[in-house]
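Place chain B on chain A using the hints.
2 protein chains.
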Amino acid sequence: MNYIAVDAFGGDYAPDEIVKGSIKALSADNDLAVILSGDKDKLSKLLRQFSYDENRLLIEHADDVVGMADKPSLALRKHNSSMAVGINLVKENRASAFVTAGNSGAAMALSMFRLGRIKGITRPAIATLLPTLQGNVLLLDVGANVDCKPVNLLEFALMGSVYVKYMLGIPQPKVGILNNGSEPGKGNQLSIKSYDLLSRSRLNFVGNVEGNEIYKDKSDVIVCDGFVGNIVLKTSESVPQVIAEFLKEEIKKSFWYKIGFLLAKPAFRFLKKKVDYEEFGGAPLLGVNGACIISHGRSDSNAIKNAILKALKFSEEDINSKIENSVLKCTTLQKYRKVEKDES
Amino acid sequence: MNYIAVDAFGGDYAPDEIVKGSIKALSADNDLAVILSGDKDKLSKLLRQFSYDENRLLIEHADDVVGMADKPSLALRKHNSSMAVGINLVKENRASAFVTAGNSGAAMALSMFRLGRIKGITRPAIATLLPTLQGNVLLLDVGANVDCKPVNLLEFALMGSVYVKYMLGIPQPKVGILNNGSEPGKGNQLSIKSYDLLSRSRLNFVGNVEGNEIYKDKSDVIVCDGFVGNIVLKTSESVPQVIAEFLKEEIKKSFWYKIGFLLAKPAFRFLKKKVDYEEFGGAPLLGVNGACIISHGRSDSNAIKNAILKALKFSEEDINSKIENSVLKCTTLQKYRKVEKDES
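Quick mapping for you: the protein sequence lines, in order, are chains A and B. Just so you know, we're using our numbering here: the first sequence kicks off at 1 and counts up by one. Just so you know, we're using our numbering here: the second sequence kicks off at 1 and counts up by one.
Since the hints were derived computationally from the structure, they do not count as laboratory data. Mixed in with the good hints there might be a few duds.
What the hints assert, rightly or not - Straight-line alpha carbon distances no greater than 20 Å define the calculated EDC-like cross-link-like pairs of lysine to aspartate or glutamate that follow:
id, chain 1, residue 1, chain 2, residue 2
1, A, 258, B, 250
2, B, 216, A, 245
3, B, 265, A, 249
As the list claims (entries may be wrong) - Which chain A residues stay away from chain B? Per the calculated CB distances, all over 10 Å, these:
id, residue
4, 3
5, 16
6, 46
7, 112
8, 200
9, 330
10, 336
No residue lacks a Cβ here, since even glycine has one placed at the ideal position from N, Cα and C.
Extracted from the complex, chain A is given alone in its bound form:
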């Protein structure tokens, strides 16, 4: 049995959708057990509405909650929050991974602080899977590290490659650097130096990826600092909303537009699903010594189910050992570390 800890009180629709999502995940995989962290009385009462395998759905009591607007510093002090208790289950090896739809900054801080880092990784990163014309692309970092060194981008590239290889089954993931130009030598200081480092590694490095190439399958993994990554991610998420607003205004102007839109509506619904990041089941925090999947705050039960199944696969594939191995075998990284050490 593989135990996954789930923050029952994190997210806009907690605890109801979190509980429902957990039960859905249990039906999808018989090797899975879920430990819900949170107020025992409230959860027990809620669970009475459902039928489920009691041996595979446990509760770990926590009497506090990290608010969506809590600063990470405050979250770190809430030792008995549903988030802290859930992460502790991983630390104590009672669960193999943790899932939360709560405050992502807090989840990141608590995971890093309580679980520590994988050997050889200096900066954990948040990775997000995005839909592309032909498949998917993993973008990292999208917010954990706002100021980065080139060696951090190499770490991101190694972690991203392992993740995509084993979670998505892409044997030799293509890795690119997010940049403002395509040729070598283009970009800011960080991207130029990272280019040099990545091109000397054994990664399947395909060079620079421009903003308009992110969704066009130029690479399977795109690395950047968390400042740029976060802005690009949030911009990408908002553009379809803005287009929908413009379209709504236009459609109001004619009866035939309205009819046309009604007929084509299911196509739009599918589209929404396709570009809806929740479908992808949350963003892994790569590089921490334990697994943590951060799902959107507005996750419904399906998003939670997907995040739990992703956490399960993350654990089953033993992604962290593979990352550790990949870092150890990367001579470019080892050389860089040696030079850094000699210089200091």
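Chain B only, in chain A's frame:
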């Protein structure tokens, strides 16, 4: 009469669409005269097809062309290119502004090199006007400066405010910093320090703007370094294309979707126009000692017409003197410069 120099051989559809666009612009404003730079024979031959006021459409011969893929260093050496000749017309005060749909990196390098900078501005920036839910927002820099200091972002903010105030008629433009979080103290080193600087200025500073707020009218001007700005701009431009591709695939699946889409098609066309950056008539290069408007490479005659009219307004409003004034009056900037000078 106000003379605008136009690069007749820059852009994917040059010289035909450039010439057509120039003639359209002449019909739109009687105070305008256009000087086309480029091969005299070819242009004379082309112009025979049109009727226009010969006193207001002149040709300045140039026998070379900057290619779309030429590196800026090569472009700088092509002294007799249509681009160099056009920019020289501004330098020699024979034209008050220059418009090109050619190689934007080359246009930037040539303008900076030949025209120099406005007094008080250390880094010129490329500014792009984007459509928002309620109006527009000016994003700068989108590619001229990949590594910036906080004082550069203050310069961008001053230039952007003047531009939006006089070109769009917004009396007190709201200025924001592109960031990965909304609260003060969020962001990378550059954005945190820039926040401090901008909040001490007399600008109408509204704080940080996240990626998902760019198109939501939180501010009229958004400043960032050219690395982030370029990536955000290109990402924004590509997302609607990607959505259109997804939608096309979906619509193929049902007869009724197809009918619906056909009925609603004019609404989509309007939408395309709304989010089509060409409609906005090109991006001004702010901070150079002269006016340079860089239009998209794929500009058609309407985009060129809009760019020329924008250049005309830029000149009539005397934007550069207003920028110079604004910089002189900004005590925050002057203090920063004094400290910098004392320290060196």
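Worksheet item: Would the pair residue 265 (chain B) and residue 249 (chain A) pass a check requiring their Cα atoms to be no farther apart than 20 Å?
Response: holds, 14 Å
Whether residue 200 (chain A) stays farther than 10 Å from all C-beta atoms of chain B, as the label says
Holds: least Cβ distance 22 Å, greater than 10 Å.
Say whether it holds or is violated: residue 46 (chain A) keeps its Cβ farther than 10 Å from all Cβ of chain B.
-> holds, 32 Å
Tell me if the straight-line CA distance from residue 216 (chain B) to residue 245 (chain A) falls inside 20 Å. holds, 11 Å
So is residue 330 (chain A) really clear of chain B, every C-beta pair being over 10 Å apart? Holds: least Cβ distance 26 Å, greater than 10 Å.
Compute the least Cβ-Cβ separation between residue 3 (chain A) and chain B, then decide whether it is above 10 Å. The claim holds: residue 3 (chain A) sits with its nearest Cβ about 34 Å from chain B, beyond 10 Å.
Residue 16 (chain A): least C-beta distance to chain B exceeds 10 Å? holds, 26 Å
- Would you say residue 336 (chain A) is clear of chain B, with no C-beta pair closer than or equal to 10 Å? holds, 21 Å
Is residue 258 (chain A) within 20 Å of residue 250 (chain B), Cα to Cα? At roughly 19 Å apart (the allowed maximum being 20 Å), residue 250 (chain B) and residue 258 (chain A) satisfy the hint.
* Taking the closest pair, is the beta carbon of residue 112 (chain A) still more than 10 Å from chain B? -> holds, 17 Å
In this structure, every one of the numbered hints holds.
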